[in-house]
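2 protein chains.
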Amino acid sequence: MAREMIRQGGRSARIQEEVHKAVNALLKTHDRSEITVPMVAERAGVTPSTVYRRWGDLAQLFADVAVAHMRPQGEPENTGDTQRDIESFILQYAEEMSSRVGRQMLADVIGGGGSQATVKCCGFTYVYLETINSRAIARGEAGFSVEDVVDFVVAPVIYHILFKDSAPTPDYCLQLVARLFHG
Amino acid sequence: MAREMIRQGGRSARIQEEVHKAVNALLKTHDRSEITVPMVAERAGVTPSTVYRRWGDLAQLFADVAVAHMRPQGEPENTGDTQRDIESFILQYAEEMSSRVGRQMLADVIGGGGSQATVKCCGFTYVYLETINSRAIARGEAGFSVEDVVDFVVAPVIYHILFKDSAPTPDYCLQLVARLFHG
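Chains as they are written, first to last, in the working numbering: chain A, 1 to 183; chain B, 184 to 366.
In short, the hints are calculated from the structure, not lab data. Note that the coordinates shown come from a computational prediction; the quantities given were computed from them, not determined experimentally. Treat each hint with caution, since some may be false.
To be verified - Calculated pairs, DSS-like style, for lysine-lysine (alpha carbon to alpha carbon, straight line, at most 27 Å):
| no. | chain 1 | residue 1 | chain 2 | residue 2 |
| --- | --- | --- | --- | --- |
| 1 | B | Lys303 | B | Lys347 |
| 2 | A | Lys164 | A | Lys21 |
| 3 | B | Lys303 | B | Lys211 |
| 4 | B | Lys204 | B | Lys347 |
| 5 | A | Lys120 | A | Lys164 |
| 6 | A | Lys120 | B | Lys347 |
| 7 | A | Lys164 | B | Lys303 |
| 8 | B | Lys211 | A | Lys164 |
| 9 | A | Lys21 | A | Lys120 |
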C-alpha cells in the first residue's frame, strides 16, 4: 500500500509537470482566451478529465501555474543591513510584479477563485522576509515585525499595482520602508 | 450627425443595461464557468459580436459588471468625527469585500486583464475618502492625507482579503486606523 502511494506520488508529480509545461507552451503561441482544457490535456498527453479532477477548471490551473512561477528562485540579498535587505527585496518585488508578466501572474493567482494559490503566494513573501529577519536576529539586532512589513510595505505596493494605472516607483517603495523604520 | 450620436448613446446605454442584466441573471442560475458570451448575448437580445466588440471577452464583461456593483450606494456616514468616519468606512468596506460576493467581485475586477475596471474601483474609494476629508476641512480641521489612508488602511485590508485565508477582523481594521492617526 505504502509503495503504491509512493508510485502514485511519482505519477502525480509527473502529470503536474507535463500539464504545467503544456500550459506554458500554449501561452507562448496562443492568446489565453483561446486556450481550453482539452487543448492542454492533449499537449500534456493526459485526458481532459485528469485535468478537471486535479485542478477543477482552467482558472485554477492558470493560478497553479502562476504560483509555480512566483516561487522565489533564491535567498534574499544579504547586505548585512536589515533596512537595505528589505529595500532590496521590495524594489525587486515591485519591479517583477508590475511587469506585464507579473501583473498577469497576480491576476491568475487571484482569479483562480480559491484561496490555495493566493495563500501559497503570500507564504513565499513571509518566508522571504523571515529569512531577512532571522539574519538580523543572528547579528544581534532586535529584528522587525514581518507582519508590519507585509501590511505597510508589501500591501501598498500590491494595491498600487492591482488598482492604479501605473507602476510603483522605486522612490515610492523606499519611502514606504523609511516610514516604517523611522516613522 | 449630432442627433445620430445622441441616439447611438441611448442605444449603447440600453445595450449595456440589458447585457449587465443578462449576466446578473445567468450568475444566479449557472456556475460562472458554464456561462459563455453567446448565452449572455441570447438572453440580452443582442448578437455575440456586439458583446465581443464592446467588452472584448467574458473576463472583461464580468469585470465591468463587478465594477457596477462596487459603486458606492450613498454618502459616507457623517459622525462629525474624522477618525470615526474613517473607521466606519473601513469596517463596512472590509465586511463587504471579504464576503463571498465581495471576493468574487474583486477577483472579477482584477481578472478582467485591463486596468479600466481596477482604476474605476480605486476611484470609488478615493471619492469616498475625499468626501470625508472635505467635511473635516469644512469643520475647520486640518484634514488628512487620502493617499495615506489608501496605503496604510485600505491596502492592508485588501491584501489580507486577497492573499490570506481569513477575513480581516474589526479589531485589525480599527488598529490600522489608530496607528495612522496616533502613530
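Going through the hints against the structure:
no. : hint                : result
1   : B/Lys303 - B/Lys347 : holds (24 Å)
2   : A/Lys164 - A/Lys21  : violated (32 Å)
3   : B/Lys303 - B/Lys211 : holds (25 Å)
4   : B/Lys204 - B/Lys347 : violated (32 Å)
5   : A/Lys120 - A/Lys164 : holds (24 Å)
6   : A/Lys120 - B/Lys347 : holds (9 Å)
7   : A/Lys164 - B/Lys303 : holds (9 Å)
8   : B/Lys211 - A/Lys164 : violated (31 Å)
9   : A/Lys21 - A/Lys120  : holds (20 Å)
Hints 2, 4, 8 from the list above are not met by this structure, while the remaining hints are.
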